[in-house]
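Visitor: Chains as they are written, first to last, in our numbering: chain D, 18 to 143; chain Z, 18 to 143.
FYI, nobody ran anything at the bench for these hints, they're computed from the structure. All residues carry an ideal CB built from backbone N, CA and C; glycine is no exception. Fair warning: there could be bad hints in the mix.
[As the list claims (entries may be wrong)] Negatives, chain D to chain Z, calculated, CB over 10 Å: (1) 35; (2) 53; (3) 84; (4) 85; (5) 114.
[Stated by the list, open to error] Some chain D residues near chain Z, calculated using beta-carbon distances under 7 Å: (6) 55; (7) 61; (8) 71; (9) 93; (10) 96; (11) 98; (12) 100; (13) 102; (14) 107; (15) 111; (16) 120; (17) 124; (18) 128; (19) 131; (20) 134; (21) 136.
Below are the chains, spelled out letter by letter.
Protein chains: 2
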Amino acid sequence: MRSITEEIIALETYALRRWCAGDPGGFLEICDGDVVYFDPFIDRRIDGLEALTDYYEAIRGKVRASRFELLDPRVRVIGDAAVLTFNFVSHGSQGDEHRWNCTEVFRRGPSGWRIIQTHWSFTRAG
Amino acid sequence: MRSITEEIIALETYALRRWCAGDPGGFLEICDGDVVYFDPFIDRRIDGLEALTDYYEAIRGKVRASRFELLDPRVRVIGDAAVLTFNFVSHGSQGDEHRWNCTEVFRRGPSGWRIIQTHWSFTRAG
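Model the full structure from these sequences, guided by the hints.
Guide: Put into structure tokens, the structure is as follows:
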């Protein structure tokens, strides 16, 4: 049987694989209705799955990465909450590389683990 | 009696008040030994209170903000975990303004709520 750590990392990796092929559906399918979301391109936190769906669907097909790595992913479990953190490197088809910090918080409910908080930021933006 | 939401926001606000006066001790006192940490100035996630203490103590006295605001702070409680998210605005003495995204994850233990994950990033860095 897989540990919670393995399960959470597998969920995130699968959603990222789809994300890097232009498909935000992998994330949307595992987000909680009350998800909150940060990334470097928005002016304010996005609240709720409906707003996040609008945001993600607007970039469907536009995000591409030929390969990616999760560096040193770590999961901290607290009852029905799991906090995943990792540094992320994605490689574009032009040889470009992007480095990110990521925090995902999952909650375990009747239908499994769901993301309730996502925070993506650039590593060393300054 | 205060709600958990009020208690978490009060903890964060008190630590930020000290932080903006150059004192990182407010945060260090409420961090868990296994805290993980991201901000825009580091190359990799910082793991553990000892490493975070070294990082914070190196900038003791160097951070100043004359006032700050937590915009729309939100707390999601899952058993003994609490996830605080907010946008943050700090104002320097020269009239400069800085905008941030912040996620803090707290865990309730024998000695109260402790931070197990901190993620600070610039709002709309691009």
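Visitor: Starting from the hint list further up, note which numbers the structure goes against and sort them upward.
Guide: Failing hints, ascending: 2, 8, 14, 15, 18, 19.
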